[in-house]
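Student: Given next are the chains, with one letter for each unit.
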Amino acid sequence: MPILEGQGVTKYFGGLAAVSDIDFHVDQGEIVGLIGPNGAGKTTLFGLISAAHVPKPGVIKFKGENITGLKPHQICRQGLARTFQSVKIFPNMPVISNVALGVHFGNSGQVTSSQAAEKAAKLLEFVGLLEMAATPAKDLTLVNQKLVEVARALATNPEVLLLDEIMAGLNSTEIALAMELVSKIRSQGITIFMIEHVMKAIMSVCDRIMVLHHGKKIAEGTPQEIATSKKVIEVYLGE
Amino acid sequence: MLEVCNIDTRYGKVQALWDICLEVNQAEIVALVGSNGAGKTTLVNTISGVLRPAAGSILFQSERIDSLPSHAIVELGISHVPQGGKVFPDMNVRENLEMGSYPIHAWKQKAETFEQVYQLFPRLKERRNQLARTLSGGEHQMLAIGRALMSKPKLCIFDEPSYGLAPLLVKEMFRIIQNLREQGITILLIEQNVHRALEIADRAYVLENGRLNLQGNSDELLQSDHVRKAYLGL
Numbered sequence: 001m002p003i004l005e006g007q008g009v010t011k012y013f014g015g016l017a018a019v020s021d022i023d024f025h026v027d028q029g030e031i032v033g034l035i036g037p038n039g040a041g042k043t044t045l046f047g048l049i050s051a052a053h054v055p056k057p058g059v060i061k062f063k064g065e066n067i068t069g070l071k072p073h074q075i076c077r078q079g080l081a082r083t084f085q086s087v088k089i090f091p092n093m094p095v096i097s098n099v100a101l102g103v104h105f106g107n108s109g110q111v112t113s114s115q116a117a118e119k120a121a122k123l124l125e126f127v128g129l130l131e132m133a134a135t136p137a138k139d140l141t142l143v144n145q146k147l148v149e150v151a152r153a154l155a156t157n158p159e160v161l162l163l164d165e166i167m168a169g170l171n172s173t174e175i176a177l178a179m180e181l182v183s184k185i186r187s188q189g190i191t192i193f194m195i196e197h198v199m200k201a202i203m204s205v206c207d208r209i210m211v212l213h214h215g216k217k218i219a220e221g222t223p224q225e226i227a228t229s230k231k232v233i234e235v236y237l238g239e
Numbered sequence: 240m241l242e243v244c245n246i247d248t249r250y251g252k253v254q255a256l257w258d259i260c261l262e263v264n265q266a267e268i269v270a271l272v273g274s275n276g277a278g279k280t281t282l283v284n285t286i287s288g289v290l291r292p293a294a295g296s297i298l299f300q301s302e303r304i305d306s307l308p309s310h311a312i313v314e315l316g317i318s319h320v321p322q323g324g325k326v327f328p329d330m331n332v333r334e335n336l337e338m339g340s341y342p343i344h345a346w347k348q349k350a351e352t353f354e355q356v357y358q359l360f361p362r363l364k365e366r367r368n369q370l371a372r373t374l375s376g377g378e379h380q381m382l383a384i385g386r387a388l389m390s391k392p393k394l395c396i397f398d399e400p401s402y403g404l405a406p407l408l409v410k411e412m413f414r415i416i417q418n419l420r421e422q423g424i425t426i427l428l429i430e431q432n433v434h435r436a437l438e439i440a441d442r443a444y445v446l447e448n449g450r451l452n453l454q455g456n457s458d459e460l461l462q463s464d465h466v467r468k469a470y471l472g473l
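Protein sequences, first through last, are from chains Y and B. Okay, so the first sequence: first residue is 1 according to the working numbering, each after it adds one. Okay, so the second sequence: first residue is 240 according to the working numbering, each after it adds one.
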């Protein structure tokens, strides 16, 4: 059974269909990639899943239950967390407090501040930012700010994690490390749905890939199928 | 054209750059390579006057610019496409572009430059009346580049122009940068796609932990064991 699933998911901004009649599913334990040209609707689809927007029409189900219309915090507490393409950190708070907020906010139940700080420190170590725990988040590089968001999302104890372009701005050597991080997250039993333009990463880390174009799903398949799809090459990959 | 001499830059007590010397010649493409956190953005922010150096000097066309405010540096002909775009979210696309055209020499040619930018990025023309906040990540990037071009720069600094762009657009972006150089614009390029950057650059500098550790012709650097291991993942 899919852990996350959407049926006929549609979202208009004014007269523009940003996401149009998309069916999708992500199975427990999978890593699914979401790719497509800029402006195809990928981040909007993540916004719909995490309730930043409400689909109209369309239904989104999480662990078999209809979550359409729930508030973002309710969805987060049910075990669905995300990161943001344009980072949304608390700039003046230390890195560790950004992550500790995730612990308090998420579905860990009642925790004390010291428990939250302890868990936050562990997560910072996990993403490789422990040294910067006391630094105000705004002083980190953009790439590290994204890792703060990954740690903060993990702090909410998610079963499904939506990653929105965490590898943008990394060089090849750093991308290899980020891929390792994604695999490590999955091996903790967390299902991953990720937007990424770095093909090398998407192709080697994902079990399955979905392609959006002009708000519609135009292809879906294994990395191999996607890499050789004429349609995908034409609108996205190039020769 | 641009001479950076013995620059130190600090954030409060924390020193981010040590004794940086770099030059960019007229009509060159020069790449600046380095890991996340090495100080690349700090360096270009120091050049464009967003940050002030704690020591050293910066000359543009033989004139010292290191104590000038950013807007005066833009007037002299240096445009900066910041990392992540930094467009004005509550202005529409056309207004954002217009914000770039305030240098006097650029204002006179505004109508013509608008056409050039729209030709370069037809998507911006399509969306010219849309608020920048409603653009996708890649469109933000196009808008930031368009805005930089509106000020008719002699030297254009790109801080990761391919950031968040789909593969087809990344190719397009590198083509556009080469194209700008052919039109006589000098380019200083930060880019994490190190292989592509070195392919189009004439020369490159490698920045590590706030210090320039290596420089040379792009071809030589592409062959360097250190660059291959640290940046190309080979």
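Hints are supplied without guarantee of correctness; some may be wrong.
Covered stretches of chain Y, going by a simulated chain B footprint (3 or more residues, C-beta under 8 angstroms) [said to hold, decoys possible]:
id	region
1	37 to 44
2	142 to 151
List of simulated lysine-lysine pairs, BS3-like, C-alpha gap at most 30 angstroms [unchecked claim]:
id	chain 1	residue 1	chain 2	residue 2
3	Y	K88	B	K364
4	B	K325	Y	K88
5	B	K410	Y	K88
Over 10 angstroms on every C-beta distance to chain Y, these chain B residues come out as not near it, computed from the model [claimed, not checked]:
id	residue
6	E242
7	N245
8	G288
9	R333
10	R442
11	E459
12	L461
Think of the hints as simulated: they come from the structure by calculation, not from any bench. Bear in mind that the values here come from a model prediction, so they are computed numbers and not experimental data. We put the CB at the ideal spot given by N, CA and C, even for glycine.
Student: If any of the earlier hints don't hold here, list their numbers in rising order.
Tutor: none
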